[in-house]
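K.L.:
Fit chain E to the known structure of chain Z by using the hints.
Protein chains: 2
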Amino acid sequence: MKIYDTKTAPTPRRVRMFLAEKGIEVDYVQIDIVGGENLSAEMKAKNPLGKVPILELDDGTCISEANAICQYFEALQLEPALYGHDPLSKGIIAQWQQRAELYLFMQVGMCFQHSTGYFKDRMNPIPEFGKEAGLNAQKFMHLLDQHLAENHYLAGEQFSVADITAFTAIDFARVVKIRILPEQVNLKRWYDEIKQRPSAQTD
Amino acid sequence: MKIYDTKTAPTPRRVRMFLAEKGIEVDYVQIDIVGGENLSAEMKAKNPLGKVPILELDDGTCISEANAICQYFEALQLEPALYGHDPLSKGIIAQWQQRAELYLFMQVGMCFQHSTGYFKDRMNPIPEFGKEAGLNAQKFMHLLDQHLAENHYLAGEQFSVADITAFTAIDFARVVKIRILPEQVNLKRWYDEIKQRPSAQTD
Numbered sequence: 085m086k087i088y089d090t091k092t093a094p095t096p097r098r099v100r101m102f103l104a105e106k107g108i109e110v111d112y113v114q115i116d117i118v119g120g121e122n123l124s125a126e127m128k129a130k131n132p133l134g135k136v137p138i139l140e141l142d143d144g145t146c147i148s149e150a151n152a153i154c155q156y157f158e159a160l161q162l163e164p165a166l167y168g169h170d171p172l173s174k175g176i177i178a179q180w181q182q183r184a185e186l187y188l189f190m191q192v193g194m195c196f197q198h199s200t201g202y203f204k205d206r207m208n209p210i211p212e213f214g215k216e217a218g219l220n221a222q223k224f225m226h227l228l229d230q231h232l233a234e235n236h237y238l239a240g241e242q243f244s245v246a247d248i249t250a251f252t253a254i255d256f257a258r259v260v261k262i263r264i265l266p267e268q269v270n271l272k273r274w275y276d277e278i279k280q281r282p283s284a285q286t287d
Numbered sequence: 085m086k087i088y089d090t091k092t093a094p095t096p097r098r099v100r101m102f103l104a105e106k107g108i109e110v111d112y113v114q115i116d117i118v119g120g121e122n123l124s125a126e127m128k129a130k131n132p133l134g135k136v137p138i139l140e141l142d143d144g145t146c147i148s149e150a151n152a153i154c155q156y157f158e159a160l161q162l163e164p165a166l167y168g169h170d171p172l173s174k175g176i177i178a179q180w181q182q183r184a185e186l187y188l189f190m191q192v193g194m195c196f197q198h199s200t201g202y203f204k205d206r207m208n209p210i211p212e213f214g215k216e217a218g219l220n221a222q223k224f225m226h227l228l229d230q231h232l233a234e235n236h237y238l239a240g241e242q243f244s245v246a247d248i249t250a251f252t253a254i255d256f257a258r259v260v261k262i263r264i265l266p267e268q269v270n271l272k273r274w275y276d277e278i279k280q281r282p283s284a285q286t287d
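Taken in sequence, the protein lines are chains Z and E. For the first sequence, position 125 matches number 209 in the working numbering, and the numbering has no gaps at all. For the second sequence, position 180 matches number 264 in the working numbering, and the numbering has no gaps at all.
One chain only, chain Z, in its complex shape (with noise of 0.2 Å):
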């Protein structure tokens, strides 16, 4: 198997910290996402929504979306568990893990795409809503502050793939200027503890 990953992008990040957690090594193939490699014919038979990550398998099958190839590899070994192991650990996680998707990783991604036309050649940024986007996702920054005050990783006592995400949207952040706050000490302890972690090397 073969995952196609930039290794600028911070959607791939997710997918290579992922397997570091678990200890899988597979191969990498570097795809040039801004001289649209990625939406070649060859490609986008792997996948017609034309991005990446993307993992491909021995017999030619493909998967994207980093949170599905992450809950594929989850599938195929269990540990470290990154998902949960019981209902009530599973849904927590999957909560959070939706959370940082929706109200933080796009929101920066489309603060990114919005807001510097970096992808103009392939979409029509609108600027209001790229600073909309940025809105967005420091209002969930400021969440995530309150809630770690009482909690170590975002779903509890586990750190899972809820933190992979959050950690790679706010790493990505730095690119449209948003910054975890100085008042934000409960976000910096989190931040710098999973910084630390040997699979957050892998940018």
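Accuracy of the hints is not assured; some may be wrong.
Heads up, the list lumps identical chains together, so a pair's fine if it works in one copy or across two of them.
[What the hints assert, rightly or not] Keeping only pairs whose Cα atoms sit at most 20 Å apart, straight-line, the calculated PhoX-like set for lysine-lysine is:
1. 204 - 223
2. 128 - 223
3. 204 - 106
4. 215 - 204
5. 130 - 223
6. 223 - 261
Quick caveat, the hints were computed from the structure, so don't treat them as lab data. None of the values given here were measured: they were computed from a predicted structure.
P.N.:
Frame of chain Z; chain E shown alone:
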């Protein structure tokens, strides 16, 4: 346990439809989101993001986000499995669930919120972005139509949670006048078939 629900909103409908497929009965409490009942201090203690649906367990633990509530019930009662059985089916279903979530359900929701100003008391609608989100949803429906020419359901032969997400998004899209086009015969075949399932009568 009970679920805080809003009959007219598309996100809680996903949970009702999922539980109908599982044959699980739960008590529902109706929340008036137009009147802002979801934003009360009591409800924000259950979900700080102020959204429905919310599952509340008997010990007071709350899980929100439709996809997370569904994963909780999947872990509690596997059959009929709606997130897959083995690593490959789990990965493929997760891929289509995520695509339906991000590129269809969320786009329809943002089109509605930004075009109509329905929640303008609690967000900043940007009509130009609302239009863009609607176009994104239509692009994904075109892709789905092509995909369903060779696949019975989104994830292949097996009905899954991804079908529920896509179906409820398309059903709700009528409020922003997005419809399956006459030439999208595969999407129409799939939609008509899902609409006949007893679980689709939950609206």
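K.L.:
All hints, please: hold or fail.
P.N.:
We went through each hint and held it up to the structure:
1. 204 - 223: Between copies only: 17 Å across, 27 Å inside.
2. 128 - 223: Between copies only: 15 Å across, 35 Å inside.
3. 204 - 106: neither (36 Å within a copy, 44 Å between copies)
4. 215 - 204: For residue 215 and residue 204, the Cα distance is within 20 Å both inside one copy (16 Å) and across copies (17 Å).
5. 130 - 223: Classified as between; 18 Å across copies, 36 Å inside a copy.
6. 223 - 261: within (15 Å within a copy, 31 Å between copies)
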